[in-house]
Amino acid sequence: MTTTGPRPTRIRVTSSRRGAGRPTSQSIARDLDEQTGLGDVYLAGLMRAQFRLSALVVGLAFLGIGGFPVLLLAVPATRSLTILGLPFPWVVLGILVYPAAWVIARWYVRQAEKIESDFADVVGQQ
Amino acid sequence: MAESSTLSLFAVTLVCLLTLVVGGLGLRLSRATSDFYVAGRTVSPRLNASAIGGEYLSAASFLGVAGLIYDIGVDQLWLPVGYTLGYLVLLVMVAAPMRRSGAYTLPDFAEMRLQSRRVRLIASILVVGIGWLYLVPQFQGASLVLTIVAGVPGWVGGTVVAVVVALAVGAGGMRSITFVQALQYWIKLTAIAVPACILLVLWLRSGAPHPNVADPSWHLALTPRGPDDHPTYRVYSMMIALCLGTMGLPHVLVRYYTNPDGLGARRTTVTVLLLLGIFYLIPPIYGVLGRVHLPELPLDVRPDSIVLRLPNAVIGGLTGELLTAVLAGGAFAALLSTASGVAMSVTGVIDQSLVRPYLARVTGGDATGPLGFRIAAAASVIVPYAVTRVIEPIGLATMVLLAFTVAAATFAPLLILGVWWRDLTRAGAIAGLVVGAFTALVSIGVSITAGPFEGWLGALLATPAAWCVPLAAVVAIVVSLATPKSTPPGTIRLLVRLHTPERIDLRSRSLD
Chain S
38 MTTTGPRPTR IRVTSSRRGA GRPTSQSIAR DLDEQTGLGD VYLAGLMRAQ FRLSALVVGL
98 AFLGIGGFPV LLLAVPATRS LTILGLPFPW VVLGILVYPA AWVIARWYVR QAEKIESDFA
158 DVVGQQ
Chain E
4 MAESSTLSLF AVTLVCLLTL VVGGLGLRLS RATSDFYVAG RTVSPRLNAS AIGGEYLSAA
64 SFLGVAGLIY DIGVDQLWLP VGYTLGYLVL LVMVAAPMRR SGAYTLPDFA EMRLQSRRVR
124 LIASILVVGI GWLYLVPQFQ GASLVLTIVA GVPGWVGGTV VAVVVALAVG AGGMRSITFV
184 QALQYWIKLT AIAVPACILL VLWLRSGAPH PNVADPSWHL ALTPRGPDDH PTYRVYSMMI
244 ALCLGTMGLP HVLVRYYTNP DGLGARRTTV TVLLLLGIFY LIPPIYGVLG RVHLPELPLD
304 VRPDSIVLRL PNAVIGGLTG ELLTAVLAGG AFAALLSTAS GVAMSVTGVI DQSLVRPYLA
364 RVTGGDATGP LGFRIAAAAS VIVPYAVTRV IEPIGLATMV LLAFTVAAAT FAPLLILGVW
424 WRDLTRAGAI AGLVVGAFTA LVSIGVSITA GPFEGWLGAL LATPAAWCVP LAAVVAIVVS
484 LATPKSTPPG TIRLLVRLHT PERIDLRSRS LD
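Sequence order for the protein chains is S and E. Here the first sequence stands for residues 38 to 163, where the numbers follow the working numbering. Here the second sequence stands for residues 4 to 515, where the numbers follow the working numbering.
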C-alpha cells in the first residue's frame, strides 16, 4: 500500500558542533595514546624531566658513597678520627647514611610528583 | 642449656605457628587467581612498606651482617648500607613505572616490554635461579639457629622452614603473606632491638670497654687484610651489586604491584628506606659487642652465630636464656618471611610459565588456578632444600651477595634500559641477559669451587659486579643499536603508559 499524502519534508542530518572538537584534555591523552607526533613530544619531555631528576639523585648517592672511600684513602687521618668517642667511618656508615638516604628519597618523591602534576596541568589546559 | 633450648624452641615454634595461622586466615579471603598473586592490589602504602621490610630483612640481615662485622670489621658496614641504598636506586629508576606497567612478575614485564616469548623464558629461568640462590642461605640459617639453640642436627632447621614456607605460600598466596610480612617486620625489629639495648646498657655500665681485636684492618677502614687484597675494589664492587641487585630480586618488584598506583609505589619506597635504616642501626652493635665479650670464636664455630651467642656470654642465667629465645624467634621470623616472599615469587613464575600451561593442556582448560599454584609452591621449595643438603655452607651474607650479583648483572640493565630507553631491542635485551648471567655465574662459580685466588684475579672473580654489570649493559646497548629491526612494536605506547601519571586518562591503561 502506498501513501498518497504530501511527501514529507526532507530533514538534513548535520552536526551543529562541527569544528568544536572534543575536550582537549582527552585529545592530548589521545595523542599520547595513539603516538602522534605531538604525543611523542610530550612523552619525550616528561621522560627527559623524570630521568634528569633520577640521574641527579643517583649521581648524588654515587658522589657520597663513591666519594667516601676516596676521602678515607686521601686523608688517612679521617680513618682514625673519633666523634663522641666513636670512630668517624663507623659513625658515617653505621648511622648517618640512613637518615641521609631517607631525606634524599623524600625530596625525590616530592620533585617527581611535581613534574607529574605540571605535566597533567599542561595536558589538561592545552 | 636445657632451659635455653626450651625457651628458644618455644619462640621458634610460636613464630612458625603464627606464620601458618595467619596464612590460613588469608586463605578464606583469597578467591580469584589475581588475589593469589597481588593481593587484589588493595594494600595501602604503609602496610606495604612494612611488608617489604619484613620480607627483605632476611637471615643475612638478622644474623649475617653482625657475623661479618664481627669477623671482618668496619669494611662490612657497607653491606647493610648497600642493602638499604638498593631501594633508593630502585625508587628513582623503576618504582613508579614498574607499578604502572601492570605486570605481575619480572618475566611479565620482560615479555610486555619486548613482545617476545623468548625474552620471557630467559627472564623466567633467571627469576627461578636467583630465587633458589636466595632460598639456600635462608634454609642454612634455619639449620644454624636450631643447632645452636636446641642442639638438633643441621637438617632439622632447614626441613622445618621448607615445610612451613611451602604450606604458607601454597595455602594463602600473597594476600596472606602481605599481612604476615608486615607483622614480621615489627617482630624482627623488636626481637633484635630489645636485647641490643639491654646489652648496650650493660656495656656502658661496665665502663664501655673497647673491642679486643689485634688485626688493624678490623678497626681501620679499607686496610688490606693481606699483601694483595684490594679492599677498595671489593667495597665498590659489592656496592654496585647491592645497589643495582635489589631491583632484580624476584621477591622485591612483585611487592610493587600491590601498590594502588605509581605514586603509592614511590611513597611506599620512602617508608621502606626509613624502616630499613632503623633496623640496620642494630646489627653492628652485636658485631662490636661480640668482640668485646667473645674476642675469639673456636675455629669450628661460624661467626654468623655471634648474635645468638652474645646474650648467654654477657648475662647468662634466665635473662640470658630469655634474650637468646627472643633472638632465635626473631631470626626465624626473618628466615620465614624472606623465604616465603622469595618462594612466592618463584612459585608465581613456575606456575605461570610451566604448571598452568601444562595443566591447561591436560585438562582441556578446566584447571583451577589454586591447584597449579600449590604444585608450583612445592616445586619452588624442594630444589633449594635439596641443594642445602648437598653443599657446605658458606657465610649467610656472602651467599646472599651472590644472588644480588646475578640480579644486578641481568635484571638491572634490562629494567633500567627497558623503562628509560626506547631503542632497546629484543636481540639487545637477550644478549645483555645472557652475557650478564653467564659472566656473573661463571666467575662466582670458579671462585667458590677452585678459589679463593690471590690478588686481582681473586678480587675480580669473587666480587665480579663491578665489571659484569657494565659489561652486560654495554652489550645490551651495542647489540640494540646494531639490530634496530628487532625493536618491539608498541614500544612507545608502553612507555607512555609507564611514565604518564594515573590521573591522565589513557585508553591503553584500561587494557591491563
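There could be a bad hint or two in this list.
[Stated by the list, open to error] Partial selection, computed: residues in chain E whose CB lies under 10 Å from chain S:
1. V84
2. T87
3. L88
4. V92
5. G210
6. A211
7. N215
8. C246
9. I281
10. I288
11. V358
12. Y361
13. L362
14. V365
15. I394
16. I507
Rather than coming from a laboratory, the hints here were simulated on the basis of the structure. All values reported here derive from a predicted model rather than from experimental measurement. Don't be surprised by glycine CBs; every beta carbon is placed ideally from N, CA and C.
Tested hints:
1. V84: holds (5 Å)
2. T87: holds (6 Å)
3. L88: Check passed: Cβ of L88 (chain E) comes within 6 Å of chain S, closer than 10 Å.
4. V92: holds (6 Å)
5. G210: Check failed: Cβ of G210 (chain E) comes no nearer than 12 Å to chain S, outside 10 Å.
6. A211: The hint holds - A211 (chain E) has a Cβ within 10 Å of chain S, the shortest such distance being about 8 Å.
7. N215: Violated, about 15 Å.
8. C246: holds (8 Å)
9. I281: holds (8 Å)
10. I288: holds (9 Å)
11. V358: Result: violated, 36 Å to nearest chain S Cβ.
12. Y361: Check failed: Cβ of Y361 (chain E) comes no nearer than 37 Å to chain S, outside 10 Å.
13. L362: violated (36 Å)
14. V365: violated (40 Å)
15. I394: Since the shortest Cβ distance to chain S is 31 Å, the answer is violated.
16. I507: holds (5 Å)
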